[in-house]
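The residues making up each chain are set out below.
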Amino acid sequence: MRAYGKFTAMAAVAVIASVSLLGCDNELGKKEYLVTANKPNNLHLIDTETHEVAKTFLIPGDGAPGTVSVSPDGQVAYVITNHMESLVGINLDSGEEVFRADASYDNIRSKHMFAMTVSRDGKEIYSFQTPVRILPGEYQVLDTQIAVYKTDAGLDAKPVRVFPAPRQISVLAPSVDGKTIYGLGPSIFGFNAKTGEIESSHPLREWGRPDYGVPDILAAWPTFEVSNILTAPYFVPRTDKAPDAPDAMKTGLVSLNLKTGEVTTEDFENTSVLIFSTVQSPINPNEAYGVYTQLTKIDQKAHVVSNRIDMDHTFYAINVSHDGKTLYMGGTMDDVVAYDAATLEPKWAVKLPGGGDQGLASLRVVRR
Amino acid sequence: MKLGAGACWKIAVLGLTAGWLTTPEAGTAQELDPRNILEERCSSCHTPRAGGGLERISDNRKTPEGWEMTIVRMGIWHGVEVPEDELAVLVRHLSNTQGLAPAETAGQRFILERQPNVVENIPNAELNVMCARCHSFARVALQRQDEDEWRKQSHAHLGQYPTTEYQSLGRDRDWWGIARDKMPKLLGEMFPLKTDTWDDWRKSAKADISGSWRVHGERPGVGRYVGSAEITATDWDEYEVTYALRYANGSEVTGQGAAIVYTGFEWRGSATLGDEEVREVFALSEDGNSLSGRWFLANADEVGAHFNAVRVREGASTIIAVEPQMLRAGESTNITIHGFGLKGNVSLGDGVTISEFVTADANSITVVATAATDIEGGNRSVSIGSTIATDLFSVYSQIDRLVVEPPFAIARVGGGTTPAVVAQFTAVAYLNGPDGEAGTNDDVRLGSVPAEWSIENFSEEAEQMEDAKYVGTIDQNGTFMPAGAGPNPERKYKTNNAGRVTVKANAANGESQIAGDAEMVVTVQRWNSPPIL
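Which chain is which? The protein sequence lines are A and B, in order. Sequential numbering of the first sequence, starting at 873, is according to our numbering. Sequential numbering of the second sequence, starting at 13, is according to our numbering.
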């Protein structure tokens, strides 16, 4: 593990800045950072006060980096990489590779398939996997599963528990009490974090809403860490409307409250733009934000779009500051930008070192 | 082995051009026994069966392109090394022994011919979403296997492309449940391994293609052509050919090429026509007397021409083309009837007067013809002696409508390692026929006409994004050349030069003008280009 030479100086500047500003954003004396990644296989720590990339580390092996989950103490970022076959933990101070779990073994080829999260206590990692047995002359698709690893298992980590999980899960998120791991897929499944038993299931694909078809939910951005509410946009046809009617397609938000387990699905507009990812405001329970080529502010009480602006270009990933005042956006190209959550005016922007595309890399907000 | 799909299809194209479409070096392929190659390269994974054959390989029938893709895929996925000369032998052997009969490829030949902008007519909405979301349905319909083998393919699909069940139109359904349980049964019924059609074709005697052929066709953007092909056998399934073609615009092109004929009817050739390198995908008719398909540029398969050839037979007579193919009321012009064995009185049908014979031989007769000023529009039977052609020549007073073909096209921005994919449009004149209604069975396709070409924004959204300004340019031959690839800093959202435009054609219609249009989407590059898309 090594940092890029030219960014070491930048990191030093960032440290000085943090000392001189004594920049603390809460009573715990921790600062807010963004953690994200770009191609080919870079991991970045962005200082939200200095608006600079504080550290950049090269993740060992092949890319491209995808889902990122950060330990509760903000020390280690776990990243799915190596064509989704490896889950790698990088110490955000030293850049040292402290954890590695390869999903494939023997004649089983398996992917860490988008959905992955660190547990609330930081001791375990949950990864949704899609194993395939490669036999001479044929493949056998095997049932999907969630593998549980100990975070202190080192560089050849093996699962300590494996439990079956329905296919097509794309996000894992732990409940606030740590007892449940939620999986967002055809339904929102609540897995017992210890036994893997499915203890709750809220249907999405077969949600049974009268006059509504099947919702299309592309949820690959785990952005729940600030508000403890996981949200994702859905797009759904109305079955009682003519295909060319203005309200023939509706856009809405599915929200999972990680404290209570409550799930809501509510429309907020006739589909007019694409939205890739959404995030819930931590200060206003009726406000959420979504991004793709537009940045959208959603009023969840009035079920309307309360503001929308065009972005310079497409962004995939959105997140929000702990004070709820700043929106962060990344994904696509090498731009990470911050906008004012109240006015949707731009605040600052950084270019990621290396210039590579962020693709599906998560944009996570951490205090450390 | 971690090669991207792009690398895969470059290898495939190499195989296509260097391996089996050209005549192999003398003595090489013939010395290789396909059974030995199967044993050496394949049987370590595909276990030999007690009754003969190899696991899975023996459970499939495919086109030559299908077999090539399978073998190349084994290299990409599993690192199997099959040298080009062995690949050529295997494709030939498997196509001949486990191929498709001519009738089994009917309706799907466009994909082998690499015809651009064909909108498929897929028999079932679920097949469309489950299969044709990623590749043509023709790729499926050109394979024959039973339910178990189709199921193994489903396993291979998701095993190799695990994000399939997460993609749009995959994540909104139990994709794997449908792919594993429902599709294999349906496909096994639609496209089973064993058919009488194949058994009969395999047993039938195959025609020798060598001889003299009369050729005609049309190259969109350039025009119609007629000519001759002299085909000589160099082996039982290999041929050499020389061409002499003359376009309606007067330009003459000669060329020569070589071809292998797979499965007794699948002509795959490479030729030089003028200064262009082309590839040929033709099918021999079951009676062995016509050869038809498409040829296209070796380095841009979307640019090509329709091709039809009829075997010149002793004592027989056929009309293959009339040039020009339409004559307007009151007009007088030279008309040439092409074919072979042409002899006897010439008629161009009711209302068309022949005033003079200009030239005449067995292959073509040129006359001066005049259409009556009050002529009723429609097809005219052309006859020379007792030889009659009913749908090669038409007369008209006014064009009823101008149809731009294709009605929907895709072009792709290019640059760097991936060249642009152009779109070629043709303006085709039609009569509405006796019922006066457009789009009914009695419509008369007069043929392609010169036109002025332009593009406009397709919609309000395209207007806002100024698509027509950025996507590229169309020339006066109806050839659209897309703009360069990559984010365009000049455009809103820095988006690339993609867009949606209306392609407009304006043609002369007597003293006035007639217009037609088509839709075109200009989109991003495709990063692979397998032999069967």
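In short, the hints are calculated from the structure, not lab data. Glycine residues also receive a C-beta, built at the ideal position from the N, C-alpha and C atoms. A portion of the hints provided could be inaccurate.
[What the hints assert, rightly or not] With a cut-off of at most 20 Å between alpha-carbon atoms, the simulated SDA-like pairs for lysine to any residue come out as follows:
1. B:K516 / B:E417
2. B:K164 / A:G1228
3. A:K1051 / A:R1081
4. B:K355 / B:E343
5. A:K1223 / B:T507
6. B:K506 / A:K1197
7. A:K902 / A:E1159
8. B:K506 / A:M1183
9. B:K504 / A:I1070
10. B:K506 / A:G1228
11. B:K506 / A:E1134
12. B:K164 / A:L1007
13. B:K164 / A:D993
14. A:K1173 / A:D1184
15. B:K506 / A:E1010
16. B:K504 / A:M1183
17. A:K1030 / A:E1071
18. B:K504 / A:R1180
19. A:K1197 / A:P1225
20. A:K1051 / A:I1006
[What the hints assert, rightly or not] Label pairs and their calculated CB-CB ranges:
21. A:S1072 / B:R214: 20 to 30 Å
22. B:E51 / A:E1078: 23 to 33 Å
23. B:E502 / A:G1009: 31 to 41 Å
24. A:A1221 / B:T452: 29 to 39 Å
25. A:G1009 / B:Y173: 16 to 26 Å
26. B:N518 / A:D1171: 48 to 58 Å
27. A:P1118 / B:G300: 36 to 46 Å
28. A:E1078 / B:S466: 42 to 52 Å
29. B:N518 / A:D1116: 44 to 54 Å
30. A:A1120 / B:T452: 47 to 57 Å
31. B:L181 / A:D1116: 17 to 27 Å
32. B:M493 / A:I1181: 27 to 37 Å
33. B:D45 / A:Y977: 49 to 59 Å
[Stated by the list, open to error] From the structure, some residues in chain A lie toward chain B, with a derived Cβ separation under 7 Å:
34. N979
35. K983
36. V1004
37. Y1011
38. Q1017
39. V1032
40. P1036
Comparing the hints with the structure gives:
no., hint, result
1, B:K516 / B:E417, "11 Å, holds"
2, B:K164 / A:G1228, "38 Å, violated"
3, A:K1051 / A:R1081, "30 Å, violated"
4, B:K355 / B:E343, "26 Å, violated"
5, A:K1223 / B:T507, "18 Å, holds"
6, B:K506 / A:K1197, "27 Å, violated"
7, A:K902 / A:E1159, "26 Å, violated"
8, B:K506 / A:M1183, "10 Å, holds"
9, B:K504 / A:I1070, "47 Å, violated"
10, B:K506 / A:G1228, "17 Å, holds"
11, B:K506 / A:E1134, "40 Å, violated"
12, B:K164 / A:L1007, "11 Å, holds"
13, B:K164 / A:D993, "43 Å, violated"
14, A:K1173 / A:D1184, "29 Å, violated"
15, B:K506 / A:E1010, "45 Å, violated"
16, B:K504 / A:M1183, "9 Å, holds"
17, A:K1030 / A:E1071, "25 Å, violated"
18, B:K504 / A:R1180, "16 Å, holds"
19, A:K1197 / A:P1225, "26 Å, violated"
20, A:K1051 / A:I1006, "35 Å, violated"
21, A:S1072 / B:R214: 20 to 30 Å, "59 Å, violated"
22, B:E51 / A:E1078: 23 to 33 Å, "51 Å, violated"
23, B:E502 / A:G1009: 31 to 41 Å, "53 Å, violated"
24, A:A1221 / B:T452: 29 to 39 Å, "60 Å, violated"
25, A:G1009 / B:Y173: 16 to 26 Å, "19 Å, holds"
26, B:N518 / A:D1171: 48 to 58 Å, "50 Å, holds"
27, A:P1118 / B:G300: 36 to 46 Å, "59 Å, violated"
28, A:E1078 / B:S466: 42 to 52 Å, "50 Å, holds"
29, B:N518 / A:D1116: 44 to 54 Å, "30 Å, violated"
30, A:A1120 / B:T452: 47 to 57 Å, "32 Å, violated"
31, B:L181 / A:D1116: 17 to 27 Å, "20 Å, holds"
32, B:M493 / A:I1181: 27 to 37 Å, "35 Å, holds"
33, B:D45 / A:Y977: 49 to 59 Å, "39 Å, violated"
34, N979, "12 Å, violated"
35, K983, "5 Å, holds"
36, V1004, "4 Å, holds"
37, Y1011, "3 Å, holds"
38, Q1017, "13 Å, violated"
39, V1032, "24 Å, violated"
40, P1036, "14 Å, violated"
Checked against the numbered hints listed earlier, the structure breaks hints 2, 3, 4, 6, 7, 9, 11, 13, 14, 15, 17, 19, 20, 21, 22, 23, 24, 27, 29, 30, 33, 34, 38, 39, 40; every other hint is satisfied.
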